[in-house]
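Participant: Using the hints, position chain V against chain E.
Line order of the protein sequences matches chains E and V.
Take our numbering: the last position of the first sequence gets the number 87, and nothing is skipped along the way.
Take our numbering: the last position of the second sequence gets the number 87, and nothing is skipped along the way.
Since the hints were made in silico from the structure, they are not lab data.
Among the clues, some could well be false.
Copies of the same chain are indistinguishable here, so a pair counts whether it falls within one copy or spans any two.
Okay, derived cross-link-like pairs now, BS3-like style, lysine-lysine, Cα gap no bigger than 27 Å in a straight line [as the list claims (entries may be wrong)]:
#, residue 1, residue 2
1, K26, K86
2, K29, K83
3, K86, K29
4, K31, K83
5, K32, K83
6, K26, K83
7, K31, K86
8, K32, K86
Protein chains: 2
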Amino acid sequence: MNYIVILGLLAGFCTTIAVIPQIRKSWKQKKVDNVSPLMFIILITGLSLWVLYGIIQNDFPVILTNGVSLVLNSFMMYLMIKYGKK
Amino acid sequence: MNYIVILGLLAGFCTTIAVIPQIRKSWKQKKVDNVSPLMFIILITGLSLWVLYGIIQNDFPVILTNGVSLVLNSFMMYLMIKYGKK
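The shape of chain E in the complex, shown without the other chains:
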């Protein structure tokens, strides 16, 4: 593995795990009043399209990174529904 591959993996790692501190915060606060549900709806749509794109292109890194993001952001969306104002 050369340094460009490592750079790409590091970049993908950061953008994939970024939502974890938000999940942690929402989990602890049990409040999501200042968080936009539309952000996660658009993200989940985009990530689903990326996974579909990866499957069609047979591109494993695209499927893996976006698949993990999809799971994490779907869980965040679940917290949004759970803790959001009715």
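Facilitator: Below, chain V alone, put in the same frame as chain E:
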């Protein structure tokens, strides 16, 4: 352009613009108490690495989509600092 390219562009469009509703919400509420600043710090780090990766690989779509995301998320980080609790 075949339908796979259109699928990829649509996927990239969604994941790029997703933060806009969050910017809009924070701008209106002037409160970010339930939003994680660490999410945006990690995102900005990852997006910067993606732009660097795109520059090294001479990959224009990677530079463009991640560059736009970087600008949008940096603006959101500015709102976090502006409206965050001191």
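Participant: If a hint holds in the structure, say so; if it does not, say that too.
Facilitator: For each hint, the structure was consulted:
In this assembly of identical chains, the alpha carbons of K26 and K86 lie at most 27 Å apart whether taken from the same copy (17 Å) or from different copies (15 Å). Proximity of K29 and K83 under a CA criterion of 27 Å is satisfied in both settings, with 13 Å inside one chain copy and 23 Å between copies. Taking CA atoms no more than 27 Å apart as the test, K86 paired with K29 passes in both settings, with 16 Å inside one copy and 17 Å between copies. For the identical chains of this complex, K31 and K83 are neighbours both inside a copy (9 Å) and across copies (23 Å), given an alpha-carbon limit of 27 Å.
Proximity of K32 and K83 under a CA criterion of 27 Å is satisfied in both settings, with 9 Å inside one chain copy and 21 Å between copies. Within a single copy, K26 and K83 get their C-alpha atoms as close as 14 Å, and across copies as close as 19 Å, so both meet the 27 Å cut-off. Proximity of K31 to K86 under the C-alpha cut-off of 27 Å is found in both arrangements, the shortest distances being 11 Å within a copy and 18 Å between copies. For the homomeric pair K32 and K86, the shortest alpha-carbon distances inside one copy (9 Å) and between copies (16 Å) are both at most 27 Å.
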